[in-house]
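Let the hints inform the model, and build the full structure from the sequences given.
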Amino acid sequence: MLCSGREESEMGSNLTFNYYEVASVVVFSIGFTMLFLNKNLIKKAIGFNFMDSAIFLFLASNGYITGRISPILSNGVTSSEQYINPIPAGLVLTGIVVSVSVTAFFLALITRLYSHYHTLDMDELIAHSRTEADL
Amino acid sequence: MKLSPSLERFINWVEGEDVFPVPEAKPVPRARKAPARRRRKTGAPFFRPGKTLPVVYDMIAVIVCITVILTLLITVSWLPRFGGETNPHLNEVYARYIESGLDEAGAVNTVAGMILDYRAFDTLGESNVLFIAVCSVLILLRADRKEKDGSLNIPELQIPWSAPSEDPVFRASAYILVPATALFGIYVVLNGHLSAGGGFSGGAVIGASMILYVNAFGWEKMDRFFTYNTYKWIMFFSLITYTVLKTWSFYTGANGIESGIPLGNPGAILSSGLILPLNICVGLVVACTMYSFYALFRKGGIGNGK
Amino acid sequence: MNLAVAFLLGFLIVCAAAVALTKNLLAAVLIQMGYSTIMSVIWLLLESPDLAITEAAVGAGVTSILFFVALLRIGAIARARKEERKK
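Protein chains in written order, with our numbering: chain A, 449 to 583; chain B, 13 to 318; chain C, 11 to 97.
One or more of the hints may lead you astray.
To be verified - With a cut-off of at most 20 Å between alpha-carbon atoms, the simulated SDA-like pairs for lysine to any residue come out as follows: (1) A:487 <-> A:562; (2) C:97 <-> A:566; (3) C:33 <-> A:484; (4) B:258 <-> B:283; (5) A:492 <-> C:37; (6) A:492 <-> C:34.
Keep in mind that the hints were calculated from the coordinates and are not lab data.
Okay, structure coming up:
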């Protein structure tokens, strides 16, 4: 299983075969535009969540090998030709729990901002804080 | 027919009534014509998104988004084929984890053996991230003052102290669901090294069962066994136990000493060395974290009005 | 590439687009909950049962509950202000 015999891929050659990666990139970009272009803070938080989830899909779909089963050793077979790669699954497991922590922190910030400025709109928030700072 | 208030609220949601109103985007106020306004110390004019032409901002934002999307799609087309067998990430590390995982870690579940034995330091960092997140949310959301009857002095959160849910269907189903979910969560945590599951999954399920319990039966009943002190000591002891166990493992491994931890029969519950106690520690941390997030948002404190 | 995988991935993209285009915040959070559930099924198709259990409990469970409670708190604050103004 050493790194040998890697095929050279041309540009645009694997776009229709990497459908999991394409879907994850599309969802990532939708989340990115939600984070960037929406003014509502809750929509930004949801966009952030989408970005996280899409990156996990991208990572774990890189660990899959066609025709093999999940890395729980069954019947004592320990040959590495039978199982998929367990390393990306381990990374994503940590990432999912960190993603919920970041979402909770983001929502706590939004709650405090709302109770101080009474608006969820980003432009209004910046305008209010500038007028407060100028006073 | 008189409906319970929670059912009426749900019907209002479904009918599209404005239960959570989105605030209207009011036009941004123009800067006041103050005669002699002091400039900032830096002197440079700062960027005001409301005053600068919003069209330019929107156009640049759209161009940046389209550039990001196209770059990512082109990169995906360069990647190796999905599911291929000679992909570059299939090297000797992955082979070592699967072939020697049973002898060295003793875990049948290779993913659990990897994150709690080979790469246990990362899991310690992740537990610390959960702890820090709860500390930050505690700083932001904990309510300060406490009335005599135990309810918190936030006018918009006037939740009476012992407020079980008034809905009889909810309470009756919670009688069955809460013990079943908690038992399932404990099963998933204990079986982390044998089949799918582990500390993270089981901890999240236990946390969800605690949230269901507190919603159905009220905060006073929850306070009988989960107060702020309980939370504090559970987190402290879980993290300290994890650190001490893994320090022993690192020390014996680095100095070539035999660690005295038996690996047992693969496939039995009491096997695979330290993975079972570490799974329990991680499960407790995750369960307490999930419940504390909910309690801090809903009530402003983790139990007992603190 | 069979039809079931194509359907599920298309569902993901449609969910994400729907959240970006809706104006009602409650609807956005509900659609995100559905997105998490379908993601949990996709983890099973990628042969990772650990991730499936974790995503189902965390994504479709705790994260969505946190969003609902945050919306409740913001709605409650807005309602309290309206009542203050009425007085």
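Determine which of the earlier numbered hints do not hold for this structure and return their numbers in increasing order.
As far as the earlier hints go, not one is violated by this structure.
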